[in-house]
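First to last, the protein sequences are chains A and B.
Here this note's numbering is used: the first residue of the first sequence is 1, the next is one more, and so on.
Here this note's numbering is used: the first residue of the second sequence is 1, the next is one more, and so on.
Please note: incorrect hints may appear among the correct ones.
As the list makes no split between identical chains, a pair holds if one copy fits it or if it spans any two.
Within a straight-line C-alpha distance of at most 30 Å, the following computed DSS-like cross-link-like pairs (lysine-lysine) qualify [stated by the list, open to error]:
| id | residue 1 | residue 2 |
| --- | --- | --- |
| 1 | K225 | K186 |
| 2 | K77 | K186 |
| 3 | K271 | K227 |
| 4 | K225 | K271 |
| 5 | K227 | K186 |
| 6 | K74 | K186 |
Bear in mind the hints are in silico, worked out from the structure with no lab data behind them.
Number of protein chains: 2
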Amino acid sequence: MRGVMMYGPGDVRVEERADATIVEPTDAVIRLAASCICGSDLWPYRGAEPLSVTPQPMGHEYVGVVTEIGADVKNVKVGDFVVGSFVASDNTCEICEAGYQSRCIHNVMMGSVGTQAEYARIPLADGTLVATPGQPDADLLPSLLAASDVLGTGWFGAVAAEAGPGKTIAIVGDGAVGLSAVLAAKHLGAERIIVFSRHADRQELARRFGATDIIEERGDDGAAKVKELTGGYGAHGTVEAVGTQESMWQAIHSTRAGGYVGYVGVSHGVKLDGLDLFFTGVHLHGGPAPVRRFLPELIQLIWDRTIDPGQVFDLTLPLEGAAEGYRAMDERRATKVLLTL
Amino acid sequence: MRGVMMYGPGDVRVEERADATIVEPTDAVIRLAASCICGSDLWPYRGAEPLSVTPQPMGHEYVGVVTEIGADVKNVKVGDFVVGSFVASDNTCEICEAGYQSRCIHNVMMGSVGTQAEYARIPLADGTLVATPGQPDADLLPSLLAASDVLGTGWFGAVAAEAGPGKTIAIVGDGAVGLSAVLAAKHLGAERIIVFSRHADRQELARRFGATDIIEERGDDGAAKVKELTGGYGAHGTVEAVGTQESMWQAIHSTRAGGYVGYVGVSHGVKLDGLDLFFTGVHLHGGPAPVRRFLPELIQLIWDRTIDPGQVFDLTLPLEGAAEGYRAMDERRATKVLLTL
Chain A
1 MRGVMMYGPG DVRVEERADA TIVEPTDAVI RLAASCICGS DLWPYRGAEP
51 LSVTPQPMGH EYVGVVTEIG ADVKNVKVGD FVVGSFVASD NTCEICEAGY
101 QSRCIHNVMM GSVGTQAEYA RIPLADGTLV ATPGQPDADL LPSLLAASDV
151 LGTGWFGAVA AEAGPGKTIA IVGDGAVGLS AVLAAKHLGA ERIIVFSRHA
201 DRQELARRFG ATDIIEERGD DGAAKVKELT GGYGAHGTVE AVGTQESMWQ
251 AIHSTRAGGY VGYVGVSHGV KLDGLDLFFT GVHLHGGPAP VRRFLPELIQ
301 LIWDRTIDPG QVFDLTLPLE GAAEGYRAMD ERRATKVLLT L
Chain B
1 MRGVMMYGPG DVRVEERADA TIVEPTDAVI RLAASCICGS DLWPYRGAEP
51 LSVTPQPMGH EYVGVVTEIG ADVKNVKVGD FVVGSFVASD NTCEICEAGY
101 QSRCIHNVMM GSVGTQAEYA RIPLADGTLV ATPGQPDADL LPSLLAASDV
151 LGTGWFGAVA AEAGPGKTIA IVGDGAVGLS AVLAAKHLGA ERIIVFSRHA
201 DRQELARRFG ATDIIEERGD DGAAKVKELT GGYGAHGTVE AVGTQESMWQ
251 AIHSTRAGGY VGYVGVSHGV KLDGLDLFFT GVHLHGGPAP VRRFLPELIQ
301 LIWDRTIDPG QVFDLTLPLE GAAEGYRAMD ERRATKVLLT L
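Just chain A, same shape as in the assembly:
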């Protein structure tokens, strides 16, 4: 089968790889209907983090049809169209039951599988995959694929930021996750949604998703603008969807004392001074999003065409064009790239 491999920074190739097969009785194999490139794939592409193996199979987002199941799999069957999270989970341990499937005691990071490929082995299929109500129309594919990571991650960020009626929510980051957080905050009923963005096209999509205010300033200047817009108090909650030192403090300082910061940008070089944090008085919660918690609801919202998160994809390429997709995202010519199969 064909799949994407990264050999080092800037070096992405589409190659023949060993076929995906059942290894454990709890596995399923799916034929991908679409895959995509994640902002987090850019960290090793830019040399900002090492590869775990060389070459490394890439990709952790996926939708597709089940082609084979292991002997113990009961919740999905061959032929089902499924969506899964970027972290495989048993969905039965106490951590999963509390809604933190991404930290399941048996979790498997799907990045180790590599879903930018024709087929993929899905570990813990019963706890990981959610079948759609039927075979989806083609125009739903981008949105269902978004649910696999960026939508679910933005959703978790908005939930962690306690977005809800009467609330002012700020969003740091105008990438696919930040934009998904806008959509989530709107759906959760936030009254005012303030987005930090300097890109006209992303500002426009943010407004379409529900943003009420756009701030172009960054860092503490940006946070000061949020305070100015909120009677000096700051946002009730803020989603951090970047992962740098500046963006993290921008999020914390945009939030009022007692408010909520949901941080979902994978932290790179972030150091939080304990005393500074102490006096902000915010709630800080984040980490790898437990997308599986939200999948049934998100799939239904997409199926009913209530939300259209697939709009975050602004470049579509065949799997064989993956290298160009990485370049386009690296050079910010694309927000998020969908790979067709």
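Starting from the structure of chain A, add chain B where the hints point.
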């Protein structure tokens, strides 16, 4: 009037100070019935943080009788016996209304007033002071005084750790705040309360307050013990009541993914690595405790003799003996010192 002044590390004196008087129409003056020495008073005593002025009036915990009120004060009257928080607050701004009075937009840290004294000026009296149902019996004084800071701080830590029925709560720190957190977790219905302690007398009080398990190991060894006691998962919530790098990570690593860390130890030299924190998946919330939020309930529980937090005081001295009180706490001969007036 007599009051405690700190001239530098290890140098505490009781001296004549200018009388407390009404400055703003929102002020009250109280005659202290008792005051005490806080663990946080030891930081400058040990040279671990600078004095804000030299000499510095000391103390921020207080109970007493109102002797004078400003023209705008309506909620308390001369003769009332009152308890207040270590942070004065207007109790009307949006931050106060959300229950974060310690971060009130008009907050005044009572440490700048210095309540280890015969009298004290209380700013924002209407929003800060809570009158008891009547003049208290003498044996209630220690508990009412504890409510002014350590009890309310431990309570906030336990609430931030989401202590409640069915929950396992770990407590890092066996000082007066940590012990108060044990009492709070018990009152809030926690099923299992695990306390880290190496001191027999504090272990004994912890058990009296509701601790079910004691762990003597510290750091990651201590956290590993909590995991061992909880089926490999970790505590549902943990209170951090020390404020060092080791204690902070001990608390975080004692907590399961998706769990809650309430940190109320004033951070000294704590640096949190963003990526490490990201993958723990915990909720982190803390800061200067909004004691005012809890005061009406805590006063009633004490008045009804439902709780007896005054047991955290294990040395009582007259105000004139303050220097010996500081020495006893510094040398760990006392957990918490009450100063009589």
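Checked hints:
no. : hint         : result
1   : K225 to K186 : within (21 Å within a copy, 43 Å between copies)
2   : K77 to K186  : neither (35 Å within a copy, 48 Å between copies)
3   : K271 to K227 : both (24 Å within a copy, 26 Å between copies)
4   : K225 to K271 : both (24 Å within a copy, 27 Å between copies)
5   : K227 to K186 : within (20 Å within a copy, 39 Å between copies)
6   : K74 to K186  : neither (36 Å within a copy, 42 Å between copies)
In the structure shown, a violation is registered for the earlier hints numbered 2, 6, in ascending order.
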